[in-house]
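**Q** Sequence:
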Amino acid sequence: MGTVIWLASELMFFAALFAAYFNLRNHTTAMAAPGEPTMWEWGTSHFMQDWFGIQLPWFSIINTTILVLSSITCQIGVFRAEKGYVSRTGSIFNVGSWGMREWYILTFLMGSVFIGGQAYEYFLLVSEGFVLQTNAYTSVFFLATGFHGLHVLGGLIAFLLMNGRTYVARTFTHEQRVHAIVTSYYWHFVDIVWIILFAVIYLIR
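Quick note: the sequence shown uses this note's numbering, first residue 1073, plus one each step.
Don't take each hint at face value.
Stated by the list, open to error - The following label-pair restraints were derived from C-beta to C-beta distances:
#1 Tyr1194 / Gly1156: 37 to 43 Å
#2 Gln1127 / Gly1156: 46 to 52 Å
#3 Ile1133 / Leu1204: 45 to 51 Å
By construction, these hints were calculated from the structure, which means they are not laboratory data. Beta carbons are placed, not taken as given, at the ideal position from N, Cα and C, and that holds for glycine.
Using the sequences plus the hints, can you model the full thing?
**A** This is the structure:
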């Protein structure tokens, strides 16, 4: 219950960021001179790649897909934890024998890839002059995506603590099972927030 209440407060935090983004987008669009690209159009043009003859934010789409799939691996880990299967019962190459640890490690790796991808995207944007102080649009972009990235890092730390706890303890207790479940709540929350954030910033025209 404490985790759910805390996530509700986090939801309010991200709602404020979304409100700031939409308010800024509305005002800057209204202020743009006739025939001139809006600040939002200028900003989103930096995300696009021409792959297969189609202009889309392909790199961000791939990075987002990895994060979304990590929610699936996380939930499989929860199912294993609920059944008391902490570690694998067979070969590491036999995915069907994996326990909670293996699925959570895979989730951790996928989340790390997402963070690495976001850092690389930031590097590319900065090299194009798209930095925090360029204009109001870049400021709100880095605030929204940056705070989300910090939340993903928090989730990665939570997975490390969860898995580390299972190695230290001699038995898998009810408290550890609850710990595994609430960790998944946080991870799913982070994923859902990013899906909305990605759609709003990268896709919706």
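**Q** Going through the numbered hints above, which ones does this structure break? Give me the numbers in ascending order.
**A** Of the numbered hints, just 3 does not hold.
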